[in-house]
Amino acid sequence: MDSTNSRRRSPQRNRPVALLVALTLATAGFGFVRPVEGASPELHVCPGCAFTTVHEALERAPAGATVTVHSGYYPEGSLQISKPVTLRGNGYPILDGLGKGHIFYVTAPDVHIQGLTLYRTGVSSVTEFAAIRFHEIHRCSVRDNVILGATYGIYLERSRDCAIERNRIIGQSRSEVSGGNGIHLWYSQEMSIEGNQVEGHRDGLYMEFSENLRIRKNTFEKNIRYGMHFMFSHHNHFHNNVFRKNTTGVAVMYSHDIDVKGNIFLRSWGGAFYGLLLKEISDSYIQGNLIEGNTNGILLDSSNRNLIQGNSFRMNGWAIDVYGNNYGNRITGNSFVGNHFDITTNSRRSENTYDGNYWDRHHGYDGDGDGAGDVPYRPMSVFALWVNRNSELAILMNSPVVDFLEAAERVFPVITPDNMEDGRPLMKNPVRREDIVNANP
1 MDSTNSRRRS PQRNRPVALL VALTLATAGF GFVRPVEGAS PELHVCPGCA
51 FTTVHEALER APAGATVTVH SGYYPEGSLQ ISKPVTLRGN GYPILDGLGK
101 GHIFYVTAPD VHIQGLTLYR TGVSSVTEFA AIRFHEIHRC SVRDNVILGA
151 TYGIYLERSR DCAIERNRII GQSRSEVSGG NGIHLWYSQE MSIEGNQVEG
201 HRDGLYMEFS ENLRIRKNTF EKNIRYGMHF MFSHHNHFHN NVFRKNTTGV
251 AVMYSHDIDV KGNIFLRSWG GAFYGLLLKE ISDSYIQGNL IEGNTNGILL
301 DSSNRNLIQG NSFRMNGWAI DVYGNNYGNR ITGNSFVGNH FDITTNSRRS
351 ENTYDGNYWD RHHGYDGDGD GAGDVPYRPM SVFALWVNRN SELAILMNSP
401 VVDFLEAAER VFPVITPDNM EDGRPLMKNP VRREDIVNAN P
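Under this note's numbering, the first residue of the sequence shown is numbered 1, with each subsequent residue one higher.
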């Protein structure tokens, strides 16, 4: 059954289909299937099965059993899972939480949930209700589900060794206060989060005090605060994800040893929107990413000893905004093309290194043929500094007065940091946009 069409049908409209399914399943002998010796028992849920509700099947299922829910509509409310069990859907059955709380509250290890459509959690200003909430467990998986109308989609607290893969999670958050997160991790470790699509939540993926996470090939789109949000979460890897039209693509805060590679940050455009916001981040790697069409490509705030290498900055308002409280960052081998401003800062000194980048505004010469300009290039313009402080001055962009002041500042730097320069500006662009795009979902 097509999951999109099934969501639109009311229970009344599904009755003819449910009767047909019931007759078919009844003739097939579905119900409680007694396993052969050594096999895990399997229970079936459908209108004509021995179990007609998921609640009944979970109550009767022994530890290690598989519960298969066949296509249809099941108004279940809130369900508890307190034993190891595999719960799988056949034809994306719709489990309606009826707005009563969590749809699944899991307190047992070795629970696996796959192939379901989960609809309508409770809404509360006190309790963070989720479609699936795991509490202090290990070894779990949530794969190939559709989650609709949930305050929180998948919520893991004090859990480890789980796989969250290929789920589609669509929320309806209207504000940061009332909305929840698509995937939420708190004090959780050793997770694989891969191939999910999350949109319409407060944060697409939120993690706090969570480490050793592998976050790959997900798409986070149109979330009202952050596509992904780190807080106090170290030693994490996020590779080949797409962040599109979020207020900010990713915010990484108060963390270290983060590996950011091969991601795409697109169209976070607005008053205080960022592709990638780094707040008190250290000893991390930002490599091979495409950062395109954002108000601010990267913001560096109190972030130290990071390597920003081989990224493509295209068509942003500001490619990189480097606050004066950063030091020891190396910005090398990047491509800056079509940005209004490549670099800006609020300081008269730069404690970071720029070397071997490609700047489309650089028009130097390469006399010795080593591929780099012979004269250092100063990537920050005085006008970028003025507009950063007074946005209304943007109306003067490309005016003759600004051009004259820029030329004078390049010769006699008075306002911009005199040591902010790229000593080896590249003559050819080292980063191919299409290579980054083709490596992503």
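Hints were generated in silico from the structure; no laboratory data involved. Some hints here could point you the wrong way.
Think about it this way: if two alpha-carbon atoms lie no more than 30 angstroms apart in a straight line, the pair counts; the simulated DSS-like pairs of lysine-lysine are [unchecked claim]:
no.	residue 1	residue 2
1	K100	K83
2	K222	K279
3	K279	K245
4	K245	K222
5	K217	K279
6	K222	K100
7	K261	K217
8	K261	K279
9	K261	K245
10	K261	K100
11	K222	K261
12	K217	K245
Label pairs and their in silico Cβ distance ranges [as the list claims (entries may be wrong)]:
no.	residue 1	residue 2	range
13	R60	M315	14 to 22 angstroms
14	G91	D435	38 to 46 angstroms
15	Q172	H138	25 to 33 angstroms
Source: prediction; values computed, not measured. Glycine is no exception: its CB is placed at the ideal position from the N, C-alpha and C atoms.
Assess, step by step, whether the Cα of K261 is no farther than 30 angstroms from the Cα of K217, and give holds or violated. The hint holds at about 11 angstroms.
Compare the distance between the alpha carbons of K222 and K261 with 30 angstroms, and conclude whether the hinted pair is satisfied. holds (21 angstroms)
Given the hinted pair K217 and K279, is their Cα-Cα distance within 30 angstroms? holds (24 angstroms)
Compare the distance between the alpha carbons of K261 and K100 with 30 angstroms, and conclude whether the hinted pair is satisfied. Violated. K261 to K100 sits at ~40 angstroms, over the 30 angstroms cutoff.
Between the beta carbons of Q172 and H138, is the distance compatible with 25 to 33 angstroms? holds (32 angstroms)
For the pair supplied as a hint, K245 and K222, confirm whether the alpha-carbon distance does not exceed 30 angstroms. holds (5 angstroms)
Is K222 close enough to K100, meaning Cα to Cα at most 30 angstroms? holds (27 angstroms)
So if I understand the rule, the pair passes when the alpha-carbon distance is 30 angstroms or less; does K261 with K245 pass? Holds, because 19 angstroms separates the two Cα atoms, which is no more than 30 angstroms.
Tell me if the beta carbons of R60 and M315 are separated by a distance inside 14 to 22 angstroms. Check failed, 59 angstroms falls outside 14 to 22 angstroms.
Assuming the hint says 38 to 46 angstroms, is it satisfied by the Cβ distance from G91 to D435 or not? Check passed, 39 angstroms falls within 38 to 46 angstroms.
Tell me if the straight-line CA distance from K222 to K279 falls inside 30 angstroms. Distance of about 22 angstroms is within 30 angstroms: holds.
What's the verdict on K100 and K83, does the C-alpha distance respect the 30 angstroms limit or exceed it? Holds, because 22 angstroms separates the two Cα atoms, which is no more than 30 angstroms.
In this structure, the earlier hints numbered 10 and 13 are contradicted, and the remaining ones agree with it.
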